[in-house]
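Trainee: Given chain A's structure and the hints, the job is docking chain B onto it.
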Amino acid sequence: MSVFKTFFSITKSNMVAILIYLGVALAMCIGLSLSTGGTTYSFESVKVKVAVIDEDESEVSKALVSYLEEVEDLVEAPADNDSLQDALFFGEIQYLLTIPEGFEKAVEKDEDVKLNSTSSPNSYNGAFVDMKIEGFINAFRSYKALGIDNKEALSKASANLSKEAATETYVPDNSEKRSDSFKYFFYFSGYGIMTVLIHCIASIMVVFNQPDMIKRMNCSALSVKKRNLYIVAGNLIIMFVAFILFVGIITGFNLNELKGNAVAPYMFINLLMFAIFCMALGYFVGTFAKHDGHIAIFSVSFSMILSFLGGIFVPAEFFTKGMQVFSKFIPTTWYTSNVDMLFGIKSMTGDMLPDFLKNIGVIAAFTVAVLGIAYSISARRAQEAEA
Amino acid sequence: MFWHIYKYRVKSLLKTKMSVFWAFIYPILLGTLFFVTFGNSINKNSIETIDVAIVKETESEKNDSFVEMMEKVEFEDGKRIFNILNLDLKSAEGKLEDESIVGIVRLGDEITLEMGKSGLGASILKEFADEYTRSFELIEDAATIDFTRIQDVIDVNENRKEYVEEVSLGGEKIDTEAQYFYALIGMACLFGSFIGMVLGKDIQAVNSPIGARKTVSGTKRLTLMMGDLAAAVSIHFVGLLLVVTYLKYILKIPVFSQPLPCIAVVFLGCVMGVELGQFASCVAKGSEGMTIAISLAISLGSSALSGLMSPDLKRLMDRVAPIVSRLNPSSAIADCFYSLSIYSDYTRFAKSLTILAVEAVVLVVLSFFAVRRNKYVSV
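Protein sequence lines correspond, in order, to chains A and B.
Okay, so the first sequence: first residue is 1 according to the numbering used here, each after it adds one.
Okay, so the second sequence: first residue is 1001 according to the numbering used here, each after it adds one.
The shape of chain A in the complex, shown without the other chains (with noise of 0.2 Å):
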């Protein structure tokens, strides 16, 4: 019981280190899950922030624009070049069109003439907006080829660019519509979790594995059975506050999307496959690191690497061929998986319920490693101590 206790006192002597981690890792969850937006099974098309320099102040100019508002997202303009640097810089503009004058004239006579564009720095749908507004000209052009005023081509301009494909969005039998945060919720959970787990349970392991400590313990009358089952027990119960913790936070800010949810628990099931996992790879730290810049290094970098290989951070989808194939050897990877799997979905059908056990056994296979690498370093270092 005196290990029990001494567990838990280590833990109260660095609680401050321990919550500041705690603070940082769920300030990350909510703010890289909040960031991220959009909804499962739904196509739709993104609105850009487009602002418009009119020089012409036509008819034909003045259509133009009233087009790009029904279609995207128009925003005033700067006045000032550096005003309108940084606007594009930061996203405020996305997209900057400036209209020269004599436009409507050189349209009407079928003379050269460019508008001039500016894209912001990281903004790619800059390609979409070009193509709407040569649509818009060529379809003015067209009309105007049949004779007709300027008035009754851009009204018939504007009503065959209203005109689109009829799209449909597939929705398989067994989905539901869910916002893509709470899915990384999920993934961003698990960094947390690692990150926490593996700072607290090495911080406390390093002070068990002293070797004046292993003595001081070897020495004691208590078993050594029963004292690796006293730092079992606490190593479980510090998992255990971290998973519901993080469990509370996700509760908290997806409500909505939890309710009725059938296949939620299997969710959790996953994070908790996942948290022992991160127990036991703070374990294995424990077990080489010797102090606070030790555990850092190894925290920070298994971390940091175990979720961006395993697709966290980026997804899976976007790495090379041969990085997906190493990728199956990361632990991360599989449960990314079963995120991705239970995702969107109604209910855990009879099929997919195999490659979800399968996924969890993985990760436990992977938990079986690590502890015994631990086990044998740590039995390694009593002998060292008794010798």
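The set of hints was computed from the structure by calculation and includes no laboratory data.
Take these hints with a grain of salt, some might be off.
[To be verified] Below, simulated DSSO-like cross-link-like pairs (lysine-lysine); rule was C-alpha separation at most 27 Å, straight line:
#1 B:1090 with B:1056
#2 B:1062 with B:1072
#3 A:328 with B:1090
#4 B:1351 with A:151
#5 A:177 with B:1161
#6 A:132 with B:1252
#7 A:114 with B:1252
#8 A:62 with B:1161
#9 B:1252 with A:321
#10 A:49 with B:1090
Remember, it's a predicted structure, so these values are computed and weren't measured experimentally.
Mentor: Frame of chain A, contents of chain B only:
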């Protein structure tokens, strides 16, 4: 005295494994990880051919013409845009469900698209189908208005002009993946805080025997601090230059387009990072664990907000809390690199660099005042 302190601090830091890891190894490790994860996509400009299923429900000239156009259209590099699979509806829906195709085109009396999730391929398919529908409707409408001039309308449609010309307000476009590398350099600069923590520990008598010896020595506190700071920044700076050289010349990432301004950014970033750690160590009166926690919290948090893990978070911060985003040191470093890559004048760059310089100076001053007149009754 300054150079004496500088020389021995450099020697001592080079023997500290933690300093070497954070300054040299970790940024190279993460840079390599980014590179192998994204592949060589940073140097590619092409979009892959889009897999689409076609389900023919009725035979008509309009539908045949649509399929013919889909087969012919190409990207600028000559690669076909669409890879067409002729399937029945059930098979097509199966492929859409497992995301092997981006959409289904049902050719009945009308062209109907069945789309799965949003994405670039789906957007291109939608735009293509919409454009075809509009062209067809336009010709039909024109025929009802004045059939005698229908050939003029067809000629205009077939000889479409390009009216929009992309210009910059002063620079070039930037690859989205480059953002990760800029945020990585920002994070690597801030991880100099681990080196700064060693300095903070070694100047305070309560924290280390070296601190006690320094406190009782006759050397001015400012000289001690500046010597240590210069040594730490030198090591961290050399480490980061090695990292940037590795990214630019071995991994061929398009960073450091203008060497001199970029070197200035990296230098200030190093000062910022080292001082952050020293300041945290001087101010946080606790164990080494807590100081590491504070440094890590600030460095990781700052890096996350600058778009290291998700560019969406940076955009959200720019929208929701622009002041925080501007003052975030990691964002300021990334913005400096952005500005140099995108804009031909240095206004934007100068603003971000000034923010970084002011923050670094403020931290140096605050660290100095935190340890300046520390006296100890007992250590």
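Trainee: Now, for every hint given, state plainly whether the structure supports it.
Mentor: Here's how the hints hold up against the structure:
Straight-line distance between C-alpha atoms of residue 1090 of chain B and residue 1056 of chain B comes to about 13 Å, which keeps the hinted pair within the 27 Å bound. Annotation: proposed proximity of residue 1062 of chain B to residue 1072 of chain B holds, straight-line Cα distance about 15 Å (limit 27 Å). Using a Cα cut-off of 27 Å, the hinted pair residue 328 of chain A and residue 1090 of chain B is violated, with the two alpha carbons roughly 31 Å apart. For the suggested pair residue 1351 of chain B and residue 151 of chain A, the alpha carbons sit about 48 Å apart, so the restraint of at most 27 Å is broken.
Taken as a hint, the residue 177 of chain A and residue 1161 of chain B pair is broken in the structure, with Cα atoms around 42 Å apart against an allowance of 27 Å. Note on residue 132 of chain A and residue 1252 of chain B: the hinted pairing is violated, with a Cα-Cα distance of about 36 Å set against a maximum of 27 Å. Taking the CA atoms of residue 114 of chain A and residue 1252 of chain B, the gap is near 36 Å; set against the 27 Å cutoff, the hint is violated. Distance restraint check for residue 62 of chain A and residue 1161 of chain B: the Cα-Cα separation of roughly 20 Å lies within the 27 Å cut-off, and the hinted pair is therefore satisfied.
Taking the CA atoms of residue 1252 of chain B and residue 321 of chain A, the gap is about 20 Å. The hint holds against a cut of 27 Å. This hinted pair does not check out: residue 49 of chain A and residue 1090 of chain B have alpha carbons roughly 39 Å apart, beyond 27 Å.
Of the hints listed earlier, those the structure fails to meet are numbers 3, 4, 5, 6, 7 and 10, in rising order.
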